[in-house]
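Student: Listed below are the residues making up each chain.
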Amino acid sequence: MLNMGMIRQSLKLSWQNIKSNKMRTFLTTLGIIIGVTAVISLITIVDGVIGSVLGQFASLGAGTLNVSITGTPLKRGLSESDMAAIEELDNVSGLSPTISAVKTAARKGKLLDSVSVKGKSASYYQNNDLVTLGRALTQTDIEQEAHVCVIDQDLADELFLGENPIEQTIMLAGVSYTVIGLEGENADLMTSMSGFGSSSDGTATIPYTTAKRLTGSNGITSLEIYMEDTDKTEELTEEVEAILNQAFNQKENTYSVFSMDSLLDTMETMTGMLTYMLAGIASIALLVGGIGIMNMMLVSVTERTKEIGLRKAMGATPARIQLQFLLESVVLSLMGGIIGVILGLLISFVAAMLIGVDFVISVSAVALGVGFSTAVGIIFGWAPAKKASQLSPIDALRSE
Amino acid sequence: MADETILTMRGIEKEYIVGGEVSSVLKGIDLEVKKGEFLAILGPSGSGKSTLMNIIGCLDVPTRGEYQLSGLSIGSQDEQTLAHIRNREIGFIFQSFFLMQRQTALENVKMPLIYANMPEKQQNERAAEMLRLVGLEDKMNYYPNQLSGGQQQRVAIARAMSNNPTILLADEPTGALDQKTGRQVMELFHQLNDEGRTIIMITHDVHIAEHAKRIVKILDGNIGEGEVTDA
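Note that the protein sequences, when read in sequence, are chains A and B. Every letter in the first sequence is one number past the one before it in this note's numbering, and letter 320, counting from 1, is 320. Every letter in the second sequence is one number past the one before it in this note's numbering, and letter 14, counting from 1, is 14.
The set of hints was computed from the structure by calculation and includes no laboratory data. Any given hint could be a false lead.
[Unchecked claim] Selected chain A positions facing chain B (Cβ under 8 Å, derived; list incomplete):
1. Gly71
2. Pro73
3. Lys75
4. Met267
5. Thr269
6. Gly272
7. Leu274
8. Thr275
9. Leu310
10. Ala313
11. Ala316
12. Thr317
13. Pro318
14. Arg320
15. Ile394
[Said to hold, decoys possible] Distance ranges between label pairs, derived from CB positions:
16. B:His84 x A:Ile291: 32 to 42 Å
17. A:Lys306 x B:Arg132: 22 to 32 Å
18. B:Arg132 x A:Trp382: 20 to 30 Å
19. B:Arg64 x A:Lys22: 42 to 52 Å
20. B:His190 x A:Trp382: 45 to 55 Å
Every residue, glycine too, gets a C-beta built ideally from N, C-alpha and C.
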């Protein structure tokens, strides 16, 4: 019944009408423009921020399993043989146990009370590019329980202000250590997140074997496992759990294995929900815009009653009249939608520059904006168009 | 062929319900119109002539009676079919022209062709031809407010003829014009009638009605032919 020619003709008429009422068209479309701008910019900005945050998380912790042990009264932490068993698993490229303690540090009569001392392995430095000066811990340091340390910038500032700390000696808990490396600002995310080592005096990292002796601890309670293939996170998690299960006598709540990847998944789900919630709130503006369009279309139908009568007298069927008014409403809101998409992207581009996050055009947001405004045009244009199509031609002609 | 009857009305009645009471506007109209006729329907206001025009023009359907137009029975048709019939069979000419103010003369004349789903190129050719026929070939791209009343009515006549309808149906076509332009419009009607077009004109003005070749009078919903007296 409808063909392209009809639609083109009706579009032309609609466009003529929209054009001839510029001010009213603008004011009517404003609601849609604001709604779509809000939806697009919110989604794009939130996407950008979340993308940046997740990216940082991923770069710091992807491909890592974190094991933390609460242990049993008989066995507080992992033994060397437990660790060896884990290290022999297929997908494991390295292990880094962490032993944390707060000790004193001293050099040349300067004494610091609360320096965070962490025991780490060579793998830790192989998997985290942290050392900016000197060298990292090596396997030899670990095996020899060497008295060497890598210090962070905070500690360097406290003890070596202005001096090169490399190859210098400091005292940790009264024992002398040689400084072999300096860590940059890029702090260990997991450590700082869990609240350890955030001491104001800084951090010194020593071989975990040395740390074990220093703290007198009889087991490893925190372990990072580095993976070769991050796609097999779940399999590795199960294998590690199997070993831990055996090590702790089948008592499951004595340990936990957790991967950054699963954390990322959870965060992505949560932020996805947040995005949709924001879009939902912003679409209230779209709803208001739609009501504006409906109002304007109803006014337009009343104003053009005579025109409708004339068109009917000239042979326009009710369907043609309805099509014309419906297209007019769709063109109106689609115009608002397109302007809104452009404005929204501009706003989020500027916002991304200001916040300093990536600007990514979200195709789904653009599609949502355009699709939503078309839908608004159809939904809110339907009733006025129906009303126009049902006018009696005589009454319409007589409405002079 | 000249005697071919294109319009037949038998006992047409139209009633409206106003305030719960039945008001009878047309009380049994019989009318026949042959192809090529120039007919005036003369009647004072309130005589039912507008209602009759609406029924002839398929804008309205009778309450009772039979109306046949070009062999089609009107009355049992839905609004969509009536729209198609109006498009093909009737060319409306209104007292106040009813031109779209934001469209050029040419675009106005194209309106019935759009609803006839004619290809656009053909629409333009046909509309231009119609404007030539009414002597406005040099005003095709003028807007109605750039034209005089007489010229506007010519555009309306060109529009009425554009889809080559069976009947030109004119409602007080000179009502909004001064005497001189009114006469010119009547001359155009004569010319179109001479070319074989069927014209039905509704008026209250006996001088205008006298331009027609046949006059029927309508009074209080009844129709009668014969001596012309002033309505």
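Student: Honestly, which of those hints from before does the structure not fit?
Tutor: Of the numbered hints, 1, 2, 3, 4, 5, 6, 7, 8, 18 do not hold.
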